[in-house]
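Asker: So the chains spell out like this:
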Amino acid sequence: MSAIENKSSNTPTQNSAQQLSGERLVELYRIMVLSRYLDERVWLLNRQGKAAIAASAQGHEATQVACIEATDPSKDHYLIYYRQFTAMIALGTEPEEMLRGFLAKENDPMSAARQFPLHGAHPRVDLFNFSNVIATQLPQAAGVALADKLKGSDAVTIVYFGDGASSQGDTHEAMNFAGVHKLPVIFFCENNRYAISVPQSKQMGIDSLASRAAGYGFPGVQVDGTDVVAVHEATQAAVERARAGEGPTLIEASVERLLPHTTDDDHTRYRSAEDIAQMEERDPIKVLSELLKRRDLLTESEDEKIHAAAKKRVNIATDTVDAEPYPSVETMFDHITDGSGNGGAL
Amino acid sequence: MTEIVLREALKRGLEEALENDPSVFMMGEDIGEYGGAYAVTDGFLKKFGPDRIKDTPISEQAFLGAGIGAAAAGLRPIVEFMSISFTLVAFDQIVNMAANLRYMSGGQISVPMVIRAPTGAGVQLGATHSQSFETWLAEVPGMKVVCPSNPYDALGLMRSAIKDKNPVLVAEPALLYGAKGEVPDEYYEVEIGKADVTREGSDITLVSYGYGMRPTNDAADVLAERGVSAEVIDLRSLSPVDLEAVVNSVKKTNRAVVVDNARRKGGVMAELAADLQQQASEWLDGPVMRVGSVDVPWPYNRGLEREVLVDKDNVLDAVAEGYGL
Chain X
1 MSAIENKSSN
11 TPTQNSAQQL
21 SGERLVELYR
31 IMVLSRYLDE
41 RVWLLNRQGK
51 AAIAASAQGH
61 EATQVACIEA
71 TDPSKDHYLI
81 YYRQFTAMIA
91 LGTEPEEMLR
101 GFLAKENDPM
111 SAARQFPLHG
121 AHPRVDLFNF
131 SNVIATQLPQ
141 AAGVALADKL
151 KGSDAVTIVY
161 FGDGASSQGD
171 THEAMNFAGV
181 HKLPVIFFCE
191 NNRYAISVPQ
201 SKQMGIDSLA
211 SRAAGYGFPG
221 VQVDGTDVVA
231 VHEATQAAVE
241 RARAGEGPTL
251 IEASVERLLP
261 HTTDDDHTRY
271 RSAEDIAQME
281 ERDPIKVLSE
291 LLKRRDLLTE
301 SEDEKIHAAA
311 KKRVNIATDT
321 VDAEPYPSVE
331 TMFDHITDGS
341 GNGGAL
Chain L
1 MTEIVLREAL
11 KRGLEEALEN
21 DPSVFMMGED
31 IGEYGGAYAV
41 TDGFLKKFGP
51 DRIKDTPISE
61 QAFLGAGIGA
71 AAAGLRPIVE
81 FMSISFTLVA
91 FDQIVNMAAN
101 LRYMSGGQIS
111 VPMVIRAPTG
121 AGVQLGATHS
131 QSFETWLAEV
141 PGMKVVCPSN
151 PYDALGLMRS
161 AIKDKNPVLV
171 AEPALLYGAK
181 GEVPDEYYEV
191 EIGKADVTRE
201 GSDITLVSYG
211 YGMRPTNDAA
221 DVLAERGVSA
231 EVIDLRSLSP
241 VDLEAVVNSV
251 KKTNRAVVVD
261 NARRKGGVMA
271 ELAADLQQQA
281 SEWLDGPVMR
291 VGSVDVPWPY
301 NRGLEREVLV
311 DKDNVLDAVA
321 EGYGL
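Residue numbers (the UniProt record's numbering), protein chains in the order written: chain X, 1 to 346; chain L, 1 to 325.
Keep in mind the hints are simulated off the structure, nothing from the lab.
These numbers come from a predicted model, not from an experiment.
There could be a bad hint or two in this list.
Said to hold, decoys possible - Reference listing, derived: stretches of chain X covered by chain L, where coverage requires no fewer than 3 residues with Cβ under 8 Å from a Cβ of chain L:
hint, stretch
1, 106-119
2, 168-174
3, 324-337
We put the beta carbon where it would ideally sit given N, CA and C, even for glycine.
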């Protein structure tokens, strides 16, 4: 059997445990739309000088929401990276909480306004994100999975990264380490083919990142990241494998980065007009909206309602958070070392 | 009291933790079958099994990063580097990650991890195996750094390091693994951040840590023969540093020489000298004198290496130059 499998919803896997119901598909769509509005709002807040920086998830929404759907947030662990608006919403983070991070407000739940937006940990959701120096989260995820294995838990750790991070030494070392110890970890790459401005052809001499998994002794799966059903199936198979003690899986989801790398970037400097135009066809919100309508799961007016509700939700969150205080300078020395409390937060 | 060598003291501290706390486990290169490059974990694999004594690939980023993840997930990993020079390939995980996670998460994530590494020159291992990067890591907020010079401190500091909720570097002087000393049979700890006045004196304060204590003590012996009473302080902890203990001593002696066995430039003693100058200037009869190893890459040749490494004559020269003693 080839180490790389290509998954799409046209070729369903045989032992796919659970198909997504029509109702769940609509719910996932609702999360994606909310993520899109929030994402757009943060860019606006950046242009207003209120949010120092943001990296967009636009184009990655389907992949993120479908992957989370195949996991169990009540026990699994998520080491995310900086482009994961949608994953965070899918895991239960409220728009207000995310905006507090972007605006560096006193009660930012992730870092108490000490770290980049969406970086830190979440007190309620099992999230962990310190991926500024990209790929550092991969060895850490191997460690979280190792802890579960030593504790005898069947929890799975999912660690997300982009194609850019795949060139880091940390990525190789983490996958090798996880392969040696057959750790319950899923390496989930959201491949948008750009490491800031550097295209995939200048990042690697291969077409598929998933093919690297063979070198570590576990399966690699390539999947269309705009296809909610396909991503869900691929993740489900990897989760089953990890829970059964069979070890890691590398999933490569191909997605589009619809916006520049961050609010500080302008991708028209390095992407052609044709390249940018073709992405629109793979906008996951468009793709899923059409699928839902084709399957009579969503009407035009229901779609409009979903958009209106998302916009309203984001407006309320923005007004709330905008009025909240910044941290006081007196708190500057808080949290450097731990003189009390216990170890891990995960 | 029992006389043991420093290696045995470290081993005892680790063994106790593995016996008493199921969340403690170890990772590192050749710590299992081989028993560790300096034999500190000899016999551990047989006693505690492969789940808790993990031989790793030559992959410092992976096992240090995995240590962070495991610590954040509630375990207490003890990670061994074969040489402190090898921490460089994992500095991103140590400095950017382990040390910063608590602050960057607004206090949510703690990393109760012990990083162990042999440190220092003197055994002809050349430029890439002989450095003393505890001096670099001592500067990083969020890290604690200790370096014992004798078996008593090695055991006491190891116990405190394993209990600590923060990442702690235990720098183990490679030249001192065989150093002998008395260790009480009853349980004790050495608090991180507390220096030890190892010899009381009235004429001059000599400060060092780790292997640097050897030339410092030798110099104090020579001074005693000359009728000069030196007070000797072993810092034991490089972060936090017990500045108060040193200032108190200087108030008594009015003279200070600080001795780093690492390269002189940018070392822990540079920081200490500046703080002393600022906080104890009214008691000082002269400038705080700094001694350290020569600022060159560590040479392999024995004669050259000995010339570079700080020795008692360097200390005595500084005492004479600064204070005419």
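Asker: Broken hints, numbered, in rising order?
Answerer: none
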